[in-house]
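Take the given structure of chain A and dock chain B to it, following the hints.
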Amino acid sequence: MTTATATAVRRTPRRRPRAGGGQRRAPYLFLAPFLVLFAVFTMAPIVLAVYSSFFQTKRSGLGFGGEGEVVFAGLDNYVRALSNDGFVAGFGRVLGYGVVQVPVMLGLALVLALLFDTALVRWKPFFQLSVFMPYAVPSVVAALIWGFLYQPRVSPIVEGLRSVGWDVSFLSPDVVLWSLANVAVWSVTGVNMVILFSALQSVPREIYEAARIDGASELRTALSIKIPMIMPSLTLTFLFSIIGTMQLFNEPMTMRAVTSNISGDYTPNMAIFQATTLGGDVNLGSAMAVVLGLVIFVLSLVVQGVSRRRNGADR
Amino acid sequence: MSVATAPRATTASRRARRAPRATQEGERPSARSRVLAGVVMVVVALYFLVPIYWLVVASTKSTADLFGTPGFWFADMQLVQNLVDLSTYDGGIFWRWMLNSLVYSGLGSVLMTLVSLALGYALAIYRFRGRAFVIALVLGSMLVPQTVLAQPIYQLLVEIGLNNTMLGVLLPTIAYPFGVLLAFTYAQASVPQEIVEAARLDGAGEVRTFFSIGLRMLSTGGVTILLFAFIASWNSFMLPLLVLSDTRLQPVTVGLSGWSQAAITVPGLQTLVVVGALLSVIPIIAVFLSLQRFWKSGLSAGAVKM
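Taken in order, these protein sequences are the chains called A and B. Mapping of the first sequence onto the numbering used here: position 183 corresponds to residue 183, and the numbering continues sequentially without gaps. Mapping of the second sequence onto the numbering used here: position 101 corresponds to residue 101, and the numbering continues sequentially without gaps.
So here's chain A without its partners, still in its complex pose (with noise of 0.2 angstroms):
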C-alpha cells in the first residue's frame, strides 16, 4: 500500500490528474481482494463440483475401510440423482411451495407498501417496524419458535382454534409444507416491504398530480402509475425470492425436531445434504448440486426475459 501511496504522488503531474501510474494501477488492487476470494469461493468450487460429479468412488472388498478408487463415472452421477425418488419429489415440493409462497408474500409485502405509501396510516414507524422485525430474527430461529408455535402441547395458537371448535393439526403430511411457507412468508415480507416502499418513494411526487385532478382513487392511482413505476423493484424482489424458494433448506431442517412428516430429502437442499453427510457420497451431491444450481439458472433467466419483455413492450 505504502508503495503504491509514493508512487502516486511522485508521478501524478499537477495539471493532468489522470495520467498517473498510480491511478492506472489502483483499480486493481481495489479489485484483487473480491475477485481472489471470489475465484478462490465461488468458482473454484463451481468448477470442483462439476468434475466430481463426474467420478465416483468405488471401494474395494466389502465397502469398509481404505482409500476407495476414484474412476470416471461420465453421467452414471447424474442419472441415480435423477431416478432419486426424494431428490424428484423434493423438486415438487419447493415448486408447489414457491407458487404459493411467492405470491402471498410479495402481494402482502406490496399491498403494504402501498399503504405506507398513502396518508392513511397513522403510526407509521410502529407498523413499518413490525412488519420488518421478524427479519432481524435467522430463519432456523424462526423455525424453532413457529415450531412450538405448531405443536399441540405447546401452542397457544392450537389451543385457541381448539377452544372455538377448528381442530387443526400444523404438523400433518398435508399441511407441514404449507406452515413452512408461513415461517417464510412471517421472515421476509418485512425486507420485501421496505425495498418496494424505498422504490415508492423515490417516484416522483408529481406524477401523481395528474392522476389527482383527474379525479383518481387512490387505489386506481396504486394499480395504474405506482405499481407500473416500481416494477424493476418488483421483478427484482420476484427474482430472489424464486432463487431463495428453490434453495429452501434451514426452516424444514429445524422443523424436523418437532416432527417425523418432514423427510430427510424433503427439498433437493436437503437431499444435498443428505447424500453428501449421511449418504457419505460427494460424487453423487455434487451431481445433485449441479442439477439445481441449473435449475434456478434457468428460472431466473425465465423470469428475466419474461419480465424484459413485458417492460420492452411497455416503452
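It should be emphasised that the hints constitute simulated quantities derived from the structure, not laboratory data.
Taking lysine to any residue pairs in the SDA-like style, the calculated list, with each CA pair at most 20 angstroms apart, reads: (1) K124/A <-> V40/B; (2) K124/A <-> S290/B; (3) K124/A <-> S30/B; (4) K124/A <-> I285/B; (5) K124/A <-> Y47/B.
Quantities reported herein were computed from a predicted structural model and do not represent experimental measurements.
For chain B alone, coordinates are given in the frame of chain A:
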C-alpha cells in the same frame, strides 16, 4: 414521516373541495378508509409481533409451565433460573456459540463491507481495462444460489484442509456480489469525481484518497451493506452445518438447532432452546433499531437504481 404526511393531507382536502360530487369509494382518505387501514395494520402487526411476544413470555417459564400454562401469559417467573441453566449447560457452550456467531458475522461482515466498498468505489471512479467484464461478473454471479454453493464449498474446504476450522466458515462469505452491487450504485451517487480529483491535486495517493475520503462519503451505504451482510451471515446455516463437526466451533444457529433435535430425548432442553433463541435475536434487533436511520436511507438510495 409527519413532514411527508402533512402536505398530502392538505391536497386531500383541496381535492375534496374541487370534486365535491365524487361518490366512489376510496376517492379520498375518508374516515372509513382510514379506519379500514388501521384495522389491517393492527391485524398485520399482531401476526408479525405475536411470535416474538410468545418467545419473550416462554423464556420466563419453567419446562413444566411451558407445557402446562397458557402460552400467551406469564406464569411463575423463572427467567433468571433459565439464564443460569443456559449458561451452565454443557460447560457454558451456549456463550461459546454466541461468541462464534459474533466472530463469523461481525468480522465477516466488516471484511465483506470493506471488500465490497473498495470494488464498488473502483468501478464508480476509475475507467480501466476489464471494467465491463467485472461488472458483468458481479451481476451474473448474483444469480449463483448461495446455499447451492455450500456443498461445493465444503468439498473444496476438505480438499485444502480447511474443513472444521473457523477460517473455513469465515472466508467463503467475504466475496458477496450483492454487497458489491449496492456499493457500486451507492458510490456512483455519492462520491463526486471532482472531490477525488481535488484530493489528487492535494497530493493524496489513490489508496489514501479511498480510505480518508471515499469511505467517509460511502458510510451510509456502508452501514446498509454491513447490516445486510451481518444478517446474512448470522442467518447462515447449511455451510457451517456441513463444514463444522466440532460443536465448539459452531455458530449459535447450528448449536440451537442441534439442541432442538436433542430435546426429543432430553426434555429440559426445550426451555434452553427458547431462552437461547431469545438471547440470540436480542443483539441483531438492538443493532437494527439503533442504526435505523442509516440503513433506511441507504436502502432508499440503492432502490432508486435497482
